[in-house]
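First to last, the sequence lines map onto chains Z and L.
Following our numbering, the numbering of the first sequence begins with 416 at its first residue and continues without gaps.
Following our numbering, the numbering of the second sequence begins with 416 at its first residue and continues without gaps.
Check before you lean on any hint, since a few could be wrong.
Partial selection, computed: residues in chain L whose CB lies under 10 Å from chain Z [claimed, not checked]:
hint	residue
1	597
2	733
3	777
4	779
5	808
6	812
Calculated directly from the structure, the hints in this document are not laboratory data.
Keep in mind the model is a prediction, meaning the values are calculated, not measured.
By construction, the Cβ of each residue, glycine as well, lies at the ideal position given by its N, Cα and C atoms.
Number of protein chains: 2
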Amino acid sequence: MSYSESLSKALGSMGAVEGTKMVIERDGRTFTGTLMPHHEFSAPDVVILKMKSGYNVGVKITESTTMKVLEAPVERVKKDAEVEFRKGLPKIVLIGTGGTIASYVDYRTGAVHPALSTSDMVNAVPEIRDIANIDARVLFSIFSENMNVEHWQQLAQAVADEINAGADAIIIPHGTDTMGYTAAALSFMLGDVPKPVVLVGAQRSSDRPSSDASSNLMACARFCTKAGRAGVYVVMHDTSGDDSFAVHYGTRVRKMHTSRRDAFKSINAAPVAHLDKDGKMDVAIDGPPTGDAKAVARTGMERSCVLLQYYPGMDPALFEDIFMKSKGVVISGSGLGHVNENMIPLIKRACDNGTVVVLTSQCLNGRTNLNVYNTGRDMLSAGVVTVEDMLPETAYVKLMWALANTSSVEEAKEVMRTPIANEMSDRRVIDV
Amino acid sequence: MSYSESLSKALGSMGAVEGTKMVIERDGRTFTGTLMPHHEFSAPDVVILKMKSGYNVGVKITESTTMKVLEAPVERVKKDAEVEFRKGLPKIVLIGTGGTIASYVDYRTGAVHPALSTSDMVNAVPEIRDIANIDARVLFSIFSENMNVEHWQQLAQAVADEINAGADAIIIPHGTDTMGYTAAALSFMLGDVPKPVVLVGAQRSSDRPSSDASSNLMACARFCTKAGRAGVYVVMHDTSGDDSFAVHYGTRVRKMHTSRRDAFKSINAAPVAHLDKDGKMDVAIDGPPTGDAKAVARTGMERSCVLLQYYPGMDPALFEDIFMKSKGVVISGSGLGHVNENMIPLIKRACDNGTVVVLTSQCLNGRTNLNVYNTGRDMLSAGVVTVEDMLPETAYVKLMWALANTSSVEEAKEVMRTPIANEMSDRRVIDV
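Construct the complete structure from the given sequences, taking the supplied hints into account.
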């Protein structure tokens with residue numbers, strides 16, 4: 416839906432476009448802010464302003480409303496200056512995907528949209544050029560809630576291609592919503608990747624004083640150039656201050672807060688490393704060094720997989736089709752990995768039918784164990800696969816990958832039970 | 416499935432029954448442990464022993480196996496001694512539901528089963544009789560993964576009945592798997608309940624040295640008698656030591672670890688109170704005092720509700736029926752409460768069809784906000800309800816309750832948006 420004809424004319428006549436700072440008075444109230452793009456679901460007579468507070472206000476324009484332009488939009492100057500190649504510095508390739516970290520360009524309009532230029536993002540952190548030669552390319556420009564399995568596949572291939580073309584490290588600026596899922600997908604798809612592949616995001620866009628975009632990106636580049644470490648990782652704020660950054664395994668990290676800058680936490684594992692704001696790095700867990708092997712992306716994914724949370728009252732009849740038609744089902748069960756006993760016959764039928772059913776825990780922290788209580792033993796007898804302390808989200812991603820990269824259900828199950836990308840810790844072997 | 420005839424005879428002839436300590440030798444290996452109940456999914460020639468380590472071992476009995484009884488099962492002496500009524504002490508009614516906290520009776524057999532006697536549990540904590548007169552009754556004896564909506568309804572009614580019959584406080588020993596869900600259900604069903612109604616569990620059964628059963632129960636009784644506080648709460652270990660206990664709102668608490676004793680955490684709220692092992696209580700948040708009003712249980716629940724976690728790759732076609740046939744759908748979206756844009760048309764059709772779709776966040780911590788990004792605004796336009804910082808599980812329970820206790824979809828939505836049992840904090844009111 417667009418503006419009504421009269422409103423469109425009124426705005427046009429005063430030269431108000433997206434990004435224009437304006438003041439609107441209606442019924443004795445004054446609204447001052449930056450004109451936002453008209454939203455397709457907004458009514459045709461509503462103007463949206465982003466106020467100083469950061470909140471949007473929708474103001475209905477009636478005959479008694481007055482509107483005035485305060486300031487034309489500031490054009491962001493594109494600094495695509497020639498950048499000198501500096502010999503001896505490693506080459507980092509930034510592969511842009513979108514997200515808040517890449518959102519400052521459009522933020523001049525007051526609206527948060529994925530930006531178009533990854534080099535813009537690098538230019539905002541000029542000191543990054545002191546530690547590496549940076550190449551930047553945009554692969555997508557979307558918010559990460561819209562990332563899909565196909566995006567993961569293209570991204571993994573792009574990473575492998577860049578490494579095989581000479582990149583010493585890959586940085587992937589990414590929206591935070593599903594960054595953990597993407598990181599897990601890259602971890603499995605890229606296997607023994609010989610270089611660091613590091614996802615980084617921001618919880619606040621870069622035009623806000625509290626933005627974590629630049630500091631996260633810088634910490635990420637430092638880890639890439641200083642740690643000598645191969646593998647897929649996520650770098651984000653470790654605390655709510657601007658002075659500590661954590662490096663997480665791509666398979667162990669989860670967004671645990673909707674808005675805090677230290678939203679990302681390693682679950683069932685310690686962060687691999689910490690960095691401070693000056694670049695001092697403290698590596699807590701050793702890992703594979705970088706090497707010169709060829710990067711290979713095994714991007715096959717079985718799409719017929721689902722992730723379900725168990726809850727009391729879950730009706731097996733309602734989930735019948737999903738269990739029986741899917742190739743893979745990951746359940747985040749209660750406690751040690753349980754479901755209500757009335758779900759077990761359906762799980763058994765699905766397993767008998769060739770569906771791989773994987774049990775994880777909605778507690779997130781801790782290890783599943785189906786050997787303690789009857790319900791658990793019934794589930795094991797029904798044929799479920801347990802995956803120790805693997806996150807539900809990681810198990811879902813791994814299951815898609817395991818089913819597409821093996822030639823039998825049994826083989827896929829064995830892959831699920833075997834740690835391949837730090838996604839689970841060694842099982843406690845129980846003597847049976 | 417039961418034992419094979421020959422194995423059944425062999426066990427019978429040596430007097431081996433559940434709880435018998437025995438030693439089995441096979442192929443040069445020796446297994447010593449306590450005979451467990453035969454499991455229906457176990458093969459007929461397998462004997463299950465619980466070993467000293469706490470793990471179970473299944474031993475296949477062949478012709479070359481030798482079995483020997485070491486010790487007959489110890490009969491647990493039931494201490495149902497006459498308990499003196501002590502004037503001046505408050506009356507606490509324990510309503511047993513099962514779970515690990517009530518599991519020690521059967522633990523003599525090595526198997527964890529819900530116990531039958533709640534008074535057994537009280538007798539294990541004799542000091543509780545110093546601070547209250549205790550009545551105990553068993554309502555169910557199940558593990559909490561098998562708790563269902565009907566159990567919540569019966570439990571809420573039983574609580575109201577006991578309060579109206581003179582109880583000063585209700586303690587509900589409960590399995591930990593779904594204790595958070597039950598606590599939320601009681602919070603809504605019991606509304607302005609005039610007495611403390613406190614759920615308590617244990618992560619380790621009481622025959623283990625590390626059991627938290629008695630200490631949690633004692634902390635719970637102390638809160639009930641000392642705080643003068645009405646409402647529904649959960650009491651569990653606050654730290655992994657035995658010296659600190661936390662009192663959580665029934666609507667804000669979540670099991671966040673599969674096995675740790677301090678698994679229960681208040682999310683998006685501080686614990687209401689802390690107690691130490693000597694009973695010293697520190698109340699952090701004020702609340703309603705106890706009173707003498709009648710307790711009312713509004714137990715209606717709309718069963719046609721589901722809880723779904725959004726994940727990349729979620730296929731709207733697969734979830735079509737669930738969205739279109741359910742009266743209520745709670746989604747734990749990504750980040751601020753998002754889903755992939757390809758889910759939005761289905762959400763819109765469901766909303767148009769009269770389904771109440773509620774958005775929460777799988778981050779668990781933090782507040783949803785659909786006003787920041789386009790995806791969120793599209794979801795709002797589609798008709799979803801947001802519930803600030805409410806837990807997904809609590810939103811699911813509340814939605815069932817709201818739909819059954821209102822007369823229209825609009826009214827149910829308004830109930831969802833209104834805090835009624837500390838389940839959400841006041842919205843930031845945005846001027847629109």
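key: residue 779 of chain L as chain Z interface residue, shortest Cβ-Cβ below 10 Å   = holds, 7 Å
query = Hey, does the residue 733 of chain L contact hint survive, CB to chain Z under 10 Å?
reply = Cβ of residue 733 of chain L sits 6 Å from chain Z, so the hint holds.
inquiry  = A closest beta-carbon separation below 10 Å is what the hint needs, so does residue 597 of chain L meet it against chain Z?
reply    = holds, 8 Å
Residue hint residue 808 of chain L, partner chain Z, criterion CB-CB below 10 Å = holds, 7 Å
message = Tell me if the interface restraint on residue 812 of chain L is satisfied: Cβ within less than 10 Å of some Cβ in chain Z.
response = Hint on residue 812 of chain L: holds, closest Cβ of chain Z at ~8 Å, below 10 Å.
message = Quick check on the hint: residue 777 of chain L CB to chain Z CB, less than 10 Å?
response = holds, 8 Å
The structure fails none of the hints (numbered hints given earlier).
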